[in-house]
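Colleague: If you read the sequences in order, they're chains A and B. Under our numbering, the first residue of the first sequence carries the number 1, and numbering increases by one thereafter. Under our numbering, the first residue of the second sequence carries the number 1, and numbering increases by one thereafter.
Hints listed in this document are in silico derivations from the structure and should not be mistaken for laboratory results. Model, not experiment: these values are computed from the prediction. Hints may be right or wrong, so weigh each one.
To be verified - Chain A is faced by these chain B residues, among others (derived, beta-carbon under 10 Å):
id, residue
1, Met1
2, Leu47
3, Trp54
4, Asp56
5, Gln58
6, Arg374
7, Glu378
Said to hold, decoys possible - Chain B side only, calculated, beta carbon under 10 Å to chain A, not exhaustive:
id, residue
8, Leu37
9, Asp170
10, Thr379
Even glycine gets a Cβ: it sits at the ideal position worked out from N, Cα and C.
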Amino acid sequence: MAPSGPMDASVAPGLRDQAAAWWDANPALRHIVVDLGAVSFIDSAGLGVLIGLLKRVAARGGDVRLARPQSAVRLVLEITRVTRVFTIFPTVEEASA
Amino acid sequence: MFRQEFASGWQRERPDDWLKYGYPWEVVRPSETVPVLAYGRLDDLGLPGAKPVWVDWQMIEGVPYDIPVVGYGVNNVNALRLWQSRAAEGFRLDVFNQGDYVRAVEEKNWAETITKVLYPSENTHAGKELRLLQEYFLVACSVRDATRRHLQHHPGLENFAERNALQLNDTHPALAVAELMRLLEDEHDMPAERAWEITVASLGYTNHTLLPEALERWPVPLFERVLPRHLAIIYEINHRFLEDIRRLHPGDEGLVRSVSIIEEGPVKQVRMANLAIAGSHSTNGVAVLHSNLVKSHLVPDFARIYPQRFSNKTNGVTQRRWLRACNPGLAGLITEAIGEGWVRNLEELRGLEPLAGDDAFLDRFLEVKQANKRRLAETTAALTGAAPRADSLFDVQIKRLHEYKRQLLNALHIAALYRRVKADPGLAVVPRTWFFGAKAAPGYHLAKLIIKFINNLGELLARDPVTKDLLRVVFLPDYRVSLAEIIIPAADLSEQISTAGKEASGTGNMKLSMNGALTIGTWDGANIEIAEAVGLENFFVCGHRAEELEAMVRAGSYRPWDWIARDAELRGVVDALWRGDFNLGVPGLFDDLARTLTDWGDTYFLCADFRSYLDAQQRVADLFRDRRAWARKAVLNVARMGWFSSDRAVREYATDIWGLRPVRVAALPGAAALPSRTRQMTT
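Using the sequences plus the hints, can you model the full thing?
Modeller: Below you can see the structure in the form of structure tokens.
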């Protein structure tokens, strides 16, 4: 996944539905890499999308990996402690490895 | 705070929009904006083994504004960093996009409300919540800023305590304990034990009040709603802290209850003073008596378990503002006599002592005082329409309006004098003008009633042909620093008459004495150290001491009626209050003041101290008749105030608590070529 722009309450519902539909339509998938490199801002609704996705993926025994968060986004991930449940990678390649 | 006006003698609060015309010194630093999260809840996401994460929070942004603080005659400028809250990017944009513009703007305004005004501690539930949020916002911004700066020069926060000192100025920023812990644990993956060591080593706490109602407590349900992660951290801290206490003091559950950060009860409370003391390496009071009372009465159990953490740092005031800038006449006279070294080293004022015996110097000292009194008389006329006699004794009480500070005792003295003069119009009374400057908290009924009482006394004295040229009362509206700078140089007498054991230090007492006012004061706060420094013979001590009052409380023997019955003049004043002699036609107006002195138990011992205070006031009046004898004592006050410089106080904090040494900062090349007024700014 490669969302871009602000990941906030204005886009969260659509993004959540889109991600869920895509995940359900691909039952063979186990892991997701979310490329955050183009995400400029994240609020609690945006974070909720990632957490919702993690719950779906975990139910299938898989993992959500976050790649390339900008410093402002990374700081929010650290403050909220979601770095304890997601693994964060500096590049998409490393996250996909 | 608010701008104070009087309407028919009552305080009226008006908004104080100090940024209405902008503020030229502030420099906004948008690139250093920080995010602050609040509200929400902790959720373990239902994932096995996962640590709870913080979800459903709201984000506010803190925008820094720097105000340069220029050192005196040195080559460096510090920045005072203030924070403004604003809605974070994307804040409720969904609501806005859905067309609900009003709600979107309301929520944006809400974010900006956090730093709109300083929220008073006592208020409605909503006010309380905003105050907690405001305290957290300011703490979060400052802690983030300190760690960000540290990380610019160091690879991590392991050595944070060696390079940073955070001083908690009262309990209001005590959340810094939990915030620094959160930052170290959650954002820097530090083990809790190590995070705690760094937190305690970084923080110091200064207590500023012995009044138990002023020690902040937050209901746990409110705290949990606003700061869920911080509450969890405080529970963790408290658990470890109490385990240590139980290990070191087995079986002492009373001690555990007393020092616990969480107070048990129908509604659990977070005790911010306990959080501040447990979470810092140093706790200090701000005058010797106050620091001793902190240990013996306020938190004796903490003093027992951490005796090495407690110390005293008596407050000080800066002579650059409170003598040199506000009183150029006296500053010039001093410099002419002993040179200008006192501006940097106030102890040099000691050189004035021999001049207390020099009549020519005393006369010049009196001339300076008289000029300052004329200036205050002009200011008073401009503000109130009434010009006091500049040759009268200027009796000054300027401080927050609170019952324990006993402006009412001062007013009772005025009422007593009024009654004496009315009973004997030929009585030889020293002409006197009382100056009051004080704001009362908007919801503090008795404080506002005392303001009204003082204003009524002023009107009575001004109306009465027997007293109007002899005794005057001036309540200057909107007391603030710029007004203090005019009042203080003009004061003859400094009123420092708090109930002994209640005033932490006071600094007005220092400013007034440093400007050549004599003090009438109780054995309280820094009055004690001032009296000892200037000499008891140059200070009018009055009232009971703290230990005497405590003995009466402990024995249950204090009955104000007994003191009233024993003293005919006090009885006369209290009866006059009940009778409505000062009401100016409004029945029952001051009944509550009479009740505080009688039926409600006279909590602040005005009746017990009334006679001693009036006797001391008589000694004041007797001395004032001999102008040179008065001036001699006033000069000795100025000469012996060197220890009360904030330079000394700051040096003690730096040396004893923060572990700092002074460093000489060299001027930048070329700086000397600039005009002297701009040189400091550019370096």
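Colleague: Does methionine 1 of chain B meet its interface restraint, that is, does its C-beta lie within less than 10 Å of any C-beta in chain A?
Modeller: Violated, because the Cβ-Cβ distance from methionine 1 of chain B to chain A comes to roughly 32 Å (cut-off 10 Å).
Colleague: Take the shortest C-beta to C-beta distance between tryptophan 54 of chain B and chain A; is it under 10 Å?
Modeller: 4 Å, holds
Colleague: Have a go at the aspartate 170 of chain B hint: is there a Cβ in chain A nearer than 10 Å to its own Cβ?
Modeller: Not OK, violated: aspartate 170 of chain B not within 10 Å of chain A, min 26 Å.
Colleague: Return the status of the interface hint for arginine 374 of chain B: holds when the least beta-carbon distance to chain A is below 10 Å, violated otherwise.
Modeller: 59 Å, violated
Colleague: Per the CB criterion, is leucine 47 of chain B less than 10 Å away from chain A?
Modeller: Check passed: Cβ of leucine 47 of chain B comes within 6 Å of chain A, closer than 10 Å.
Colleague: Holds or violated: is the Cβ of leucine 37 of chain B closer than 10 Å to a Cβ in chain A?
Modeller: 6 Å, holds
Colleague: Interface hint check: aspartate 56 of chain B, Cβ to nearest Cβ on chain A, cutoff 10 Å. Holds or violated?
Modeller: Holds. Min distance 5 Å.
Colleague: Tell me if glutamate 378 of chain B is really an interface residue toward chain A, meaning its C-beta lies closer than 10 Å to one of theirs.
Modeller: 56 Å, violated
Colleague: Against chain A, is threonine 379 of chain B within 10 Å by beta-carbon distance?
Modeller: Check failed: Cβ of threonine 379 of chain B comes no nearer than 51 Å to chain A, outside 10 Å.
Colleague: So, glutamine 58 of chain B near chain A? Judge it on the closest CB pair being under 10 Å.
Modeller: Hint on glutamine 58 of chain B: holds, closest Cβ of chain A at ~7 Å, below 10 Å.
Violated hints, listed in ascending order, are 1, 6, 7, 9 and 10; each of the other numbered hints is respected by the structure.
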